[in-house]
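Engineer: Chain order of the listed sequences is A and B. To get our numbering, take the position in the first sequence, counting from 1, and add 205. To get our numbering, take the position in the second sequence, counting from 1, and add 205.
Bear in mind the hints are in silico, worked out from the structure with no lab data behind them. Since the model is a prediction, treat every value here as computed from it, not as a measurement. Among the hints, erroneous ones may be present.
[What the hints assert, rightly or not] According to the in silico footprint, chain B covers these stretches of chain A (three or more CB under 8 Å from chain B):
hint : segment
1    : 278–287
2    : 298–305
3    : 317–323
4    : 377–385
Where a beta carbon is used, it is the ideal one built from N, C-alpha and C, also for glycine.
2 protein chains.
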Amino acid sequence: MSELEKTKRTTITRLPKRGSYESETIHSILDEAYFCTLAYERDGVAFQIPTGFVRVGEKLYIHGSVGSFYMRELLSRKPVVSIGVMLVDGMVLARSAFHHSVNYRSVILFAQPELVSEVTEQYHVLERFTEKICPGRWADIRKPDAGEWKATMVLSFDISEASAKIRTGAPKDDEEDYDLDIWAGVIPTSFEMKTPISDPALKSGVDLPDYLKNSWK
Amino acid sequence: MSELEKTKRTTITRLPKRGSYESETIHSILDEAYFCTLAYERDGVAFQIPTGFVRVGEKLYIHGSVGSFYMRELLSRKPVVSIGVMLVDGMVLARSAFHHSVNYRSVILFAQPELVSEVTEQYHVLERFTEKICPGRWADIRKPDAGEWKATMVLSFDISEASAKIRTGAPKDDEEDYDLDIWAGVIPTSFEMKTPISDPALKSGVDLPDYLKNSWK
Chain A
206 MSELEKTKRT TITRLPKRGS YESETIHSIL DEAYFCTLAY ERDGVAFQIP TGFVRVGEKL
266 YIHGSVGSFY MRELLSRKPV VSIGVMLVDG MVLARSAFHH SVNYRSVILF AQPELVSEVT
326 EQYHVLERFT EKICPGRWAD IRKPDAGEWK ATMVLSFDIS EASAKIRTGA PKDDEEDYDL
386 DIWAGVIPTS FEMKTPISDP ALKSGVDLPD YLKNSWK
Chain B
206 MSELEKTKRT TITRLPKRGS YESETIHSIL DEAYFCTLAY ERDGVAFQIP TGFVRVGEKL
266 YIHGSVGSFY MRELLSRKPV VSIGVMLVDG MVLARSAFHH SVNYRSVILF AQPELVSEVT
326 EQYHVLERFT EKICPGRWAD IRKPDAGEWK ATMVLSFDIS EASAKIRTGA PKDDEEDYDL
386 DIWAGVIPTS FEMKTPISDP ALKSGVDLPD YLKNSWK
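So that you can see chain A by itself, here it is in the shape it has in the complex:
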């Protein structure tokens, strides 16, 4: 296991036992999540954007239109941003209102954006975006043409200043409350993909591909 160095920004002060600085833990949370929130300062206020992302190695990547105001701002100003991800695993119902909680796995990282200008890296990242959501899809679809390629910006962020925070398991009630006649436990939660719905404009005779037949619960 490799441990990231704690910084003032990533040190968990509230319930520090839930914190982790292990790369493997941080990567596994990032790899399971499809969306992050990217926040950056503008005129003294923290703006935020929800966006898709992929992790490759020690970097997190986002992509967007070269015409997007915030992508251009990130590129020109290169501010330190925070990127946050949260997976919600369950609602924790305690005997007392006070001890109700949530089971979650979250990551926060701080980094400056870097433009990905190398074509092989850019191509690989765009492939990973598609494959993360739907393994097998990239081989099947029309790849970006020259104009689309030019219209797409890919930015990378080092995953070096980061921490994870995790809560798992049953509720923790006050000792004297365990004798109350109140049900307690966890409602498990998850983000789920369902049976795909074909585009009404789908060309006649085109079937659902095999790689999409078992990709959801």
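For chain A, the structure is supplied; the task is to place chain B on it using the hints.
Structural biologist: What follows is chain B alone, placed relative to chain A:
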């Protein structure tokens, strides 16, 4: 329908057709979401915290420990924060890599924190927190005692400077791509609650309450 006034911060510049400033739309997204990301500036960097919230009327509420560093900081500095919520409704698979997209409903709002010190409002908000996740729960559980009450901070944020952004429906491909033999459509997604799991320390003879028997799909 009541329309919120656009500000420089809430005006949607990228794909403005997806934007909405209607209170009813904004409220409905907030009411369906359990978690938000709260971001605020500290030393020129945008920090962010994922947290639960409830909406009551024209206000959004968060709660936390009075010992929490960020709750205390919000209270003492009263910075303008951004609060973001995203509901993900589907992965949009187009014929071209370029037009892959996501169906979502998101809200961003900007506001300054205000301490909720009035006891009736505070009590009502804490009740709503529990009832939002699990309707029927509040009547069943041990309510906060004086010490727990003192340990809990509730902050409110006006929902007056806010916008929503929504994408729905099928992929939009380039005209000439509709003739390709590539499947296109949407993988619907949702955040789901599953069958509750009892606390291993549950007092013998305590059954799952009726209000929890049908609260998930």
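Engineer: Go check the segment 298–305 of chain A versus chain B for me, would you? Three or more residues, Cβ under 8 Å, otherwise it fails.
Structural biologist: That given contact holds, which follows from 7 residues of the segment 298–305 of chain A lying within Cβ reach (below 8 Å) of chain B.
Engineer: Tell me if chain B covers the segment 377–385 of chain A under the three-residue, 8 Å CB rule, please?
Structural biologist: As far as the segment 377–385 of chain A goes, the hint holds, because 4 residues have Cβ atoms under 8 Å from chain B.
Engineer: Cut-off 8 Å, C-beta pairs, minimum 3 residues; does the coverage of the segment 317–323 of chain A by chain B stand?
Structural biologist: Not satisfied, violated; 0 residues make the cut.
Engineer: When I compare C-beta atoms, does the segment 278–287 of chain A have three or more residues closer than 8 Å to chain B?
Structural biologist: Per the Cβ count (4), the hint holds.
Going through the hint list in order, the structure does not satisfy hint 3, though it satisfies all others.
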